[in-house]
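Novice: Given chain A, work out where chain B should sit, using these hints.
Same order as they appear, the protein sequences are chains A and B. Residue numbers are given in the working numbering: position 138 of the first sequence equals residue 138, and the series is strictly consecutive. Add 1000 to a position in the second sequence, counting from 1, and you land on the number used in the working numbering.
Hints in this document: simulated from the structure, not taken from any laboratory. This one's a predicted model, so the numbers in the text were calculated from it and none came from an experiment. A couple of the hints might just be wrong.
[Stated by the list, open to error] Each pair of labels, with its calculated beta carbon distance range:
1. G1361/B - V32/A: 30 to 38 angstroms
2. T13/A - E1452/B: 35 to 43 angstroms
3. T13/A - E1448/B: 41 to 49 angstroms
4. T43/A - D1039/B: 54 to 62 angstroms
5. A19/A - G1361/B: 22 to 30 angstroms
6. G1451/B - T13/A: 48 to 56 angstroms
7. G1130/B - A56/A: 51 to 59 angstroms
[To be verified] Listing some non-contacts, in silico: residues in chain A with all C-beta distances to chain B over 12 angstroms:
8. P22
9. K59
10. A63
11. Q68
12. K142
13. H184
14. M194
We put the beta carbon where it would ideally sit given N, CA and C, even for glycine.
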Amino acid sequence: MTSREKILSAVKTNQPDLATLPDVDFLLQEEVDVAEKFIASLTAIGGQVIAVENHAAIKAFIAENYAQPSRKITTVSELEDIAEYVEDNSANPHSLENVDYAIIEADLAVAENGAIWVSEDKIRIRVLPFITQHLAVIVSQKDIVPTMHYAYNKIGSTDYGFATFIAGPSKTADIEQSLVLGAHGSRSMTIFLMS
Amino acid sequence: MSEIQNTTNHADLAEVFNNDEARVDWHDETLWWIRSKRDVAVNKISNWEVLRETASQIKHNVLSNLSSYLQQFENNAMTNGIIVHWAADAKEHNQIVLSILKKHSIGQMVKSKSMLTEECHLNDFLEANGIDVIDSDLGERIVQLAKEMPSHIVLPCIHKKKEEIGELFHQHLGTPAGNADPQFLTETARQHLRDTFLTRRAALTGVNFAIAETGEFVVCTNEGNADMGAHLADVHIASMGIEKIIPERKHLGVFLRLLTRSATGQPITTYSSHFKRPNKGKEMHIIIVDNGRSIQLGREDFRNSLKCIRCGACMNTCPVYRRSGGHSYHSAISGPIGSILAPNLDMEKYADLPFASTLCGSCTNVCPVKIDIHQQLYKWRQVIVKNGYVPAAKKASMQIMDWTLSSPTAYHTAGKAGRFVLKYAPFMVSNKLNPWYKHRDMPEPPKESFGEWYKKNRK
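In isolation and in its complexed conformation, chain A is listed as follows (with noise of 0.2 angstroms):
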């Protein structure tokens, strides 16, 4: 017998008797103003929030506050004039390294907890969003949903490879509880809110 089939007949024989799957829909019942309690909550983890109007805004931004030169790389079009534009997923994940700003698209965002969702497409290369010094996500302001139950009903039966909640800069406290931002994430967060 494989331990396949061991773990499998042992788990089959211990098992308890069928207890029915609880609905969880009933919990898409929030009634919030998502985008300020989005701001608040990614503020309260440490991200900031420009609220912008259109791309021309996100590239004054950029220029004022992140002129010195660095590597700059986009997966969005409308921003290729000011960065590297990735356009597939065809580079190696190693020609990161040295990536100091990052910006990308999300999909959606989740009011409650500040965290924004990026499938692979959105990214086009899974490492870019942890490998880059820092991180800049455009929300829509439309995309934000109130709870991690309306995310996962927006995001349903979507098909991707890789896709991942973040939620402000990457962060540790291992060191006696001290919060230090800047794990091996990026160290800061920052979303252009898009209305």
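Specialist: Okay, now just chain B, sitting in the frame of chain A:
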């Protein structure tokens, strides 16, 4: 019936920890602070109790249908291009990891947090087989440099002072002696591990949730270390216990809301990464591990322990854990939940753990999936005593107690003697030679027993 002479038991190890009272206070207060942060986060959620109940019921369904869910998960994962392995025990798990590395001639691996690999003692095994393993979670890296086990499942080096960490970094990473600034030490680890991430061809991660419906798995970190390792390596190995299954993707909404609020009071981890297919030209492996879990599933009184999502809330709230430290539990998973999981693996070796509790029930109250932890601790005590796995001293005193309680004369005499001693010579029992007093305060003695009072007053 075997007599147990436990050389490593919780009480003795806790005594060592308790030698430094200032450190005990610091440990206690730090964990209580985290517990308080949990309360603040939880109170912001209006339907928290509904969420807990829902999570508990989902997990109940998982346990009741686990064999089907496991096969459904396996099927979908394989369709997604993931290579699925099954390991009956720790040894087989470790062998599978080694064989994957050997197949690719890989001698160095980077690992993110996985309590399962701690349970399997994977690092020791791989090192003995010439594989270099680097733990990439900062806390795990610190305990690895110190050649220790994590003392907490979420906060691996919660027992360490920053000065000790500064000294470790000075010795191993060449930082200036005496520098214990958390910001500086974290930055040093970032620089050092970035090079590790870029040069390792294999990365091992744990699994927080595996979704039967889609064959994908979710890994949660704050540091981003699991993603840095997995996306830069050619081979990604994910190790999971059979109980990590959840039925559908939408159930993540429930569990991800509960997990970090319970753990640290954060609304969610920085990264909650969903791995569904390997990247082109890369390999993704999942090792599904039993290692005693299917036996626990068959123990009606203890099967609920398999609902655990490893948030650590029961440790942060536990008055015994906070004052005895994680290492006193001499098991990969410490604290209240560890004390009901460990005896399943080895009842003799971990016979002491269910007794390392006041049964106050705080663990049960904070558990996000409503495991009846303190009741299971109490039930394990019965099982352990019935199987004869109690220390000789405890057994002898229980036998004296048995004799006293079954003889009215002995009972009355003992009661009188006890009250006399507690009243006139409390130092006779309230001293360090009395093992009972070491762990508990002695009570104020009543003036007379109920029997004596009744005799006087019944007229």
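Novice: Does the Cβ pair G1130/B, A56/A satisfy 51 to 59 angstroms?
Specialist: Given a distance of about 57 angstroms, which is inside 51 to 59 angstroms, the answer is holds.
Novice: Minimum Cβ separation between Q68/A and chain B greater than 12 angstroms?
Specialist: holds (20 angstroms)
Novice: Go ahead and decide if the range 54 to 62 angstroms is satisfied by the Cβ distance of T43/A to D1039/B.
Specialist: violated (21 angstroms)
Novice: Between G1451/B and T13/A, does the C-beta distance stay in 48 to 56 angstroms?
Specialist: About 52 angstroms separates the Cβ atoms of G1451/B and T13/A, which means 48 to 56 angstroms holds.
Novice: Check the non-interface label on P22/A: least C-beta distance to chain B beyond 12 angstroms or not.
Specialist: violated (4 angstroms)
Novice: Is 35 to 43 angstroms right for how far apart the beta carbons of T13/A and E1452/B are?
Specialist: violated (56 angstroms)
Novice: How does the Cβ-Cβ distance of A19/A and G1361/B compare with 22 to 30 angstroms: does it lie in that range?
Specialist: holds (24 angstroms)
Novice: If I claimed the Cβ atoms of T13/A and E1448/B lie 41 to 49 angstroms apart, would that claim hold in this structure?
Specialist: violated (57 angstroms)
Novice: Is it the case that A63/A keeps its Cβ farther than 12 angstroms from each residue Cβ in chain B?
Specialist: holds (28 angstroms)
Novice: Between the beta carbons of G1361/B and V32/A, is the distance compatible with 30 to 38 angstroms?
Specialist: Given range 30 to 38 angstroms: holds, Cβ gap about 34 angstroms.
Novice: Test the statement that K59/A is away from the interface with chain B: the closest C-beta pair must be farther apart than 12 angstroms.
Specialist: holds (27 angstroms)
Novice: Please confirm whether H184/A is truly not at the interface, meaning its C-beta sits more than 12 angstroms away from all C-beta atoms of chain B.
Specialist: violated (4 angstroms)
Hint compliance for this structure: hints 2, 3, 4, 8, 13 are broken, all remaining hints hold.
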